[in-house]
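S.K.: Protein chains in written order, with full-length UniProt numbering: chain A, 1 to 242; chain B, 1 to 242; chain C, 1 to 529; chain D, 1 to 529.
Among the clues, some could well be false.
Ranges of calculated distance between the beta carbons of each label pair, as one might list FRET restraints [as the list claims (entries may be wrong)]: (1) K144(D) with R133(A): 35 to 43 Å; (2) S147(B) with P26(D): 47 to 55 Å; (3) N342(C) with K97(A): 38 to 46 Å.
Calculated cross-link-like contacts (lysine-lysine; reagent style DSS-like; alpha-carbon spacing at most 30 Å) [claimed, not checked]: (4) K488(D) with K123(B); (5) K166(C) with K123(A); (6) K27(A) with K166(C); (7) K454(D) with K207(B); (8) K64(A) with K3(B); (9) K435(C) with K454(D).
These aren't lab readings, by the way, just hints derived from the structure by calculation. Here the structure is a predicted model, which is why all the values come from computation and not from measurement. C-beta: ideal position from N, C-alpha, C; glycine also.
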Amino acid sequence: MIKSYGDTINDGAVQLSFTLPVRHSAKADEAAKQYAHKLGFYEVEIVYSNALSDEFSFFVVYGKTHVQIDYDKIEVEDVSKSMDFYEVNDFIKEHIKRQVVVVGACTGTDAHTVGIDAIMNMKGFDQHYGLERYPMIEAYNLGAQVSNEELIKKAIALKADAILVSQVVTQKEVHIHNMTELIELMEAEGIRSDIIVIAGGPRIGNKLAMELGYDAGFGRGTYPENVASFIVEKMASKAMQY
Amino acid sequence: MIKSYGDTINDGAVQLSFTLPVRHSAKADEAAKQYAHKLGFYEVEIVYSNALSDEFSFFVVYGKTHVQIDYDKIEVEDVSKSMDFYEVNDFIKEHIKRQVVVVGACTGTDAHTVGIDAIMNMKGFDQHYGLERYPMIEAYNLGAQVSNEELIKKAIALKADAILVSQVVTQKEVHIHNMTELIELMEAEGIRSDIIVIAGGPRIGNKLAMELGYDAGFGRGTYPENVASFIVEKMASKAMQY
Amino acid sequence: MSYSKLNLDQHKIEKARQLAKQIVKPVNDYISKHTTDTIERATLRILGADGINTDGIPVPNLIVDALGNKIEFGATTYYINALIRKNATPQQLNKQIAEGLDISTITLTDKVLIENKAQEFIHEFTRRVKQNTDYRNQKITAYKNKENSPLLYLIVATGNIYEDVKQAQAAARQGADIVAVIRTTGQSLLDYVPYGATTEGFGGTYATQENFKIMRKALDEVGEEIGKYIRLVNYCSGLCMPEIAAMGALERLDMMLNDSMYGILFRDINMYRTFVDQKFSRMINAFADITINSGEDNYLTTSDAYEKAYTVTASQFINEQFAYDSGLPARLMGLGHAFEMNPDKENGFLYEMAHAQMAREIFPEAPLKYMPPTKYMTGDIFKGFIMNAMFNFVAKATNQSILLLGMLTEAIHTPFMQDRFLAVSNAQYIMNNIKDFANDIEFKKDGLIQNRAKEVLDQTISFLEEVNNKGLFNAIEQKMFAEISRPKNGGKGLDGVYEKSPDYYNPVYEYLENELGLKSIAIERRKIK
Amino acid sequence: MSYSKLNLDQHKIEKARQLAKQIVKPVNDYISKHTTDTIERATLRILGADGINTDGIPVPNLIVDALGNKIEFGATTYYINALIRKNATPQQLNKQIAEGLDISTITLTDKVLIENKAQEFIHEFTRRVKQNTDYRNQKITAYKNKENSPLLYLIVATGNIYEDVKQAQAAARQGADIVAVIRTTGQSLLDYVPYGATTEGFGGTYATQENFKIMRKALDEVGEEIGKYIRLVNYCSGLCMPEIAAMGALERLDMMLNDSMYGILFRDINMYRTFVDQKFSRMINAFADITINSGEDNYLTTSDAYEKAYTVTASQFINEQFAYDSGLPARLMGLGHAFEMNPDKENGFLYEMAHAQMAREIFPEAPLKYMPPTKYMTGDIFKGFIMNAMFNFVAKATNQSILLLGMLTEAIHTPFMQDRFLAVSNAQYIMNNIKDFANDIEFKKDGLIQNRAKEVLDQTISFLEEVNNKGLFNAIEQKMFAEISRPKNGGKGLDGVYEKSPDYYNPVYEYLENELGLKSIAIERRKIK
Ligand code: B12
Ligand code: B12
Ligand SMILES: Cc1ncc(COP(=O)(O)O)c(C=O)c1O
Ligand SMILES: Cc1ncc(COP(=O)(O)O)c(C=O)c1O
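Please model the complete structure; the sequences and the hints are all you need to start from.
M.R.: Written out as structure tokens, the structure reads:
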């Protein structure tokens, strides 16, 4: 069992900051303190507070928590043990025996290309080659602001094995709507089960993606080989080698 | 009922940071996320994590809470409506009719004089005169590192109406021990009820001080007149005018 | 600013400027021969067209859509004609159009009548714009002493205009001099301007005339209260550049992000379309005394800020020429640049300083818009906060004009209210703490800073030479800017471009050209050639 | 550093130095005539005295307490005498003393025997110190290239030496070059040095020889691992200055906070006592090649950093003379100063820069210790973090030597592990980002920075003149430093001061004087006079 740590094991120290919709005053400070208590902290100190406007106040808070967690019970898939560039290509040669077709885009109104480019472009990202450089992958990067309809059309035309969807803007859950729509459209077309569908972006997690009906989700710090590994292993396990 | 605020009323947004005693890894990130969930937050994002050493990792986290608080029910004594320099002196002239004797010190091993000086010294603090400047107050500032015994001896010798105790160092609860000892000693001497005892310091609250048997506690941002007002009003209400 | 701290060669600067002049020349030739859907709609708006039909389609769109190819003659004729024929006020006519009236089919009356009537509405527009500029000038003069230098620029982006108002007023109270209402994701791709007050946007709030009005009022209110003129900013890049410019002129916006290069590269707007649009939008901005903000800073989000610094400088030179050719004086050219170097770069601060100082020295009168670190911001909000401090430092130390404040949560979410507060306190601390630093230090002769500026200027000249050889259209196609390639006939909006007929009539355009002295410039140019 | 960026008048600097020489002269006269409890205990420790009795009283204290007024002859005679008489090793004798043996009553043997025996132990001490300095020099040379410049100095203060070890090793791995173990609140008032490994302290950890050893080992370990020599720091101010210096020499500490002015003003140590102690403690530090850190930076926690900047400079001059007179070369004088200006002060950054740069130019060889903002740190950890960044900036831009890293939680608690990590990343970012800034900029002639430095130097000279006129003892009594008054005969420890008898014997003191060339300096000085 572990707890958060300040300077002594199990002291449970945590730093917080938040805004409350009240005018800055001694009462506001007291409210912030009690709020932190209600959040479950003890030995709470409101170390700083200031007015943000007539109706809002900002607080910096330190407190301690009794909450502990069993570290041994945490389970996580470790993407870092994925195959590398060479291993992926060899894997495809050996198990799939033909080029794998991948179509990617940043969809909806989202115009952030840098993330999907990092995964797909020749030059790659942080010294990791992008999918376009993989000899055994045929990669098509459709760019940004691509509608779900357009993406599906292309994927069908190119006989894609996998679709990559990048979503960076998440404000007001815009990505959820857009991601859900893609899956619905694919199901309507009856092609969902033929194609691996993967989502990615700095605020996309595997869990969320799976919930929305994707095969996987990749967050910040993803490298091309992580996605490539996933695709080819999934294909192999689905015995999609036709 | 109010909730913390990010950019939409009642969104419940909170920023946290903490350290966990585990090696930095994907598992650690997941643990941090679940820890934040256990702390009661939802839509948790571990926006940053880094190794502090082989055994510790640091996390910056944003999350949302459902916790709300009834602002109307918050009660707080508002020190800001205390009397000012002139009013305090007039009040003494009118109600107490003699000079009030105040003895102050930073006690125990604590060597931080700046706080008690701010309250007592002639020149005061932030343009607020210190108690030494009050014509109707006889103020004695004993400085820092004063033992509780010494303080009590002086207070008796000077026939103090009030004792001011400053405590700045709070690590490992050193102030609690020291503050408790003073009250015990005063009770042993049988003088507790004759003298108003006030504590102060950046991490001293009124609540804490009262719990430890003080008449009041004053935290960061206190001005001399806040303390002066409290003393003289308390004296008047205790009818200590002999 | 005649004395150069960087010891830059004035001849080289002059050379770069001449190259930029040559580069924009063929583009201007194209521009002068074409009009677009949105230019016509903007013209109509200036003349009084407004409102929507029951499907939410704006009246200017209804008119232009109905005109079809007749657009080559200019939409004005038809609108004014309808006003005369129907003997209606614009309000009345707008209502009829919204209800289905097709004015393209109404027989045309006498040309002179139309021309005279048009002048009436232009006069009305001029009166309103003049009233706006007078108000602004008066307030700015009165409240000058409370302004920060550089001006602090904050963004609100809740998606809901009423929430925006709260956040904007709070920001102003905290010390912002400028408030920008970020547009919702995707608005730049809409070929119309939404209508009315809106409460639902993603990553920003719809730019509508009503939203402009609401925010303008809110900022005027808080401005009066705190004794400051709070500048309001919106965006006229994308498919509706001139229309939004027109709305801004009417509702007294003070700045507009306005750059067709940005639209081409970052929104995949067709290049022909947006260059044509840009010209008219800048004329409107110039007339309404609205400062533009150009967008070359964005190149550094896709390109490396050290390697490709010269693309920004080159683009500033090009944007300057486009702006001059639209009648914008230097004092309204908020040329953009950014502090986007990798924070791990050794001496990165010195290079950023060199870049910012060279922009300052090359464009001494321009109210430079300096953008904060975004690309290398991470979830480490603490590190991000000091990167923002270094950015504020460089801004103050090189006398930038418009300081877009960085958010410590840049990599995470659109700003929380507290993020904005922290950003303002960061800037205020730095600006006060290093107030006269710019004036108190000199750069070592041939030191890192001076040499870097020299190097970037040299690279800029080579780059401009190459662009000039290829032509700007080809250069864009060949990925020379932001490492993004856009095909000449690709992107959005090309179908809204029309070659003007020899009979093309646009009294607003002509009026502005006259007022802005562009006719004579054109003549002079021709003479020089 | 012969070229002055500040354009300071070298004659004025020389003048200030001469004034400081005159100021310390009468203090040195007093010092040379006196010894103290702790000087004798330190001498005993160097000769081998160690251990505690069952009440926890250290053997050196037992000896000195028993000696009473015999101290005027020096404790050495009695300890060595007992060793000879009992034919014991120090370990054996220490044990007996701990068990109750009173060596003051043992009849004294032949003086020559005692002197010879003493030399043996001095030789042993010298051997051990030499081994330490050799090790240190070798490692520092080998690992030079991994060091930061300035050296990053981090504090650990858990109260528990084993927790400290964890935090210190983590700090070293994160990039610290120097680790200081803060002492527990109040230790400086103890007239003895606690014994053994300790796990309970308030706001810091007891300075004990065992704790020194534990931490030294831990830092050597991690140092080898990461290929760096991690310097260890502790405190020899307070009532036991020379004893802790002796322990530090034995356990290979690398730096010592060591300043009697600090003890007087901030710990209410008696001035006579601590000046006498300081001399011997500095001789030991000098001999063991340990860098001292002086504490005038602390003045700015009670005085205003702008108004009273000159008191810091003046104190640096005085501390320099005291250090020279104890045999410390300039390269071991970590003179203290601090970045403590009110962050709201207009141009505060420029003044901080002026102060830091003038310290650098006036003491070109000194490994200046630069302290972070503390006084104006608040619970606003974000603001605090950028204040620390500005501090790091000034440090790097003025080539400071030892950078005590500021903590964003300075106003809240002793550092959390994460606070320290953030502090290191802050410093590393700034230091790399502005790496050659110091070299790339110049200060404008007669600009704010140059003028400020000139002004402070002028004020320093007037101040030193006044101190010289009054005498240092009176000046302290009259609140001239840190606005704190300390009566000459007040404070703690005066009862531990003894006038030396003409027969006073202290072979360690003599040995060090010889080794450090202090005898000849004294003679030369007398000649000059
Ligand atoms: C660069 C940038 C831009 C550039 C984009 C240029 C371009 N051609 O891409 C410009 C300036 C155009 C821009 C504009 C806008 N932006 Co922007 N932008 C950023 C910025 C600074 C960096 C994004 C980036 O390039 N990251 C680097 C890449 C490599 O990282 P990444 O995207 O996370 O990708 C990695 C992983 O996530 C993963 N990944 C990503 N996609 C995929 C897909 C798959 C299949 C897989 C497997 C993996 C994967 O792998 C990648 C490599 O590891 C961020 C802030 C920040 N520092 O993060 C804001 C940010 C993303 N932008 C934001 C916003 C709101 C906008 C605007 C909507 C603002 C406006 N209203 O005008 C506009 C409009 C954009 C639109 N219509 O979508 C917000 C989003 C807030 C939110 N949470 O919703 C951010 C967070 C800034 C902020 N705090 O407000 N932006
Ligand atoms: C200045 C200072 C020092 C100076 C003190 C000089 C002096 N003569 O006072 C020096 C350098 C000597 C020092 C030393 C140490 N310090 Co110190 N110091 C500070 C510092 C930077 C500022 C404190 C201050 O002056 N505040 C300004 C005054 C005006 O504010 P204040 O004390 O809060 O007082 C106000 C109110 O609290 C209230 N108040 C205070 N007392 C009273 C009493 C009454 C009756 C009333 C009504 C009101 C009242 O009114 C005042 C005016 O509004 C703080 C960090 C910080 N920025 O806060 C650390 C700090 C207090 N120090 C700290 C420590 C640990 C130490 C040391 C123990 C470190 C060490 N081991 O060596 C030493 C030893 C001190 C000792 N034995 O007590 C810690 C305490 C941590 C904790 N929570 O326990 C702090 C927080 C720094 C840190 N983060 O580690 N310190
Ligand atoms: C010139 C310019 N226009 C517009 C925008 C905003 O984007 P959009 O036009 O998509 O609202 C930016 C953003 O950086 C910009 O720099
Ligand atoms: C010179 C000097 N000595 C010692 C200390 C530490 O205090 P103490 O001696 O009480 O442990 C400091 C702290 O700032 C100092 O500057």
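S.K.: If a hint holds in the structure, say so; if it does not, say that too.
M.R.: Verification of the hints:
In this structure the hint that K144(D) and R133(A) lie 35 to 43 Å apart at CB holds, the actual value being about 41 Å. The hint said 47 to 55 Å for the Cβ distance between S147(B) and P26(D), and at roughly 34 Å that hint is violated. For the pair N342(C) and K97(A), the supplied restraint of 38 to 46 Å holds, since their beta-carbon distance comes to about 42 Å. Taking the CA atoms of K488(D) and K123(B), the gap is about 25 Å. The hint holds against a cut of 30 Å.
Restraint check for K166(C) and K123(A): not satisfied, since their Cα atoms lie roughly 45 Å apart, outside the 30 Å limit. A distance of roughly 22 Å separates the Cα atoms of K27(A) and K166(C); the hinted pair therefore holds under the 30 Å criterion. For the hint pairing K454(D) with K207(B), the CA-to-CA distance comes to about 51 Å; that exceeds 30 Å, so the pair is violated. Between the alpha carbons of K64(A) and K3(B) the distance comes to roughly 20 Å, so the proposed pair stays at or under 30 Å and holds.
Restraint check: the Cα-Cα separation between K435(C) and K454(D) comes to about 20 Å, which is no more than 30 Å; the hinted pair holds.
Of the numbered hints stated above, those contradicted by the structure are hints 2, 5, 7, listed in ascending order.
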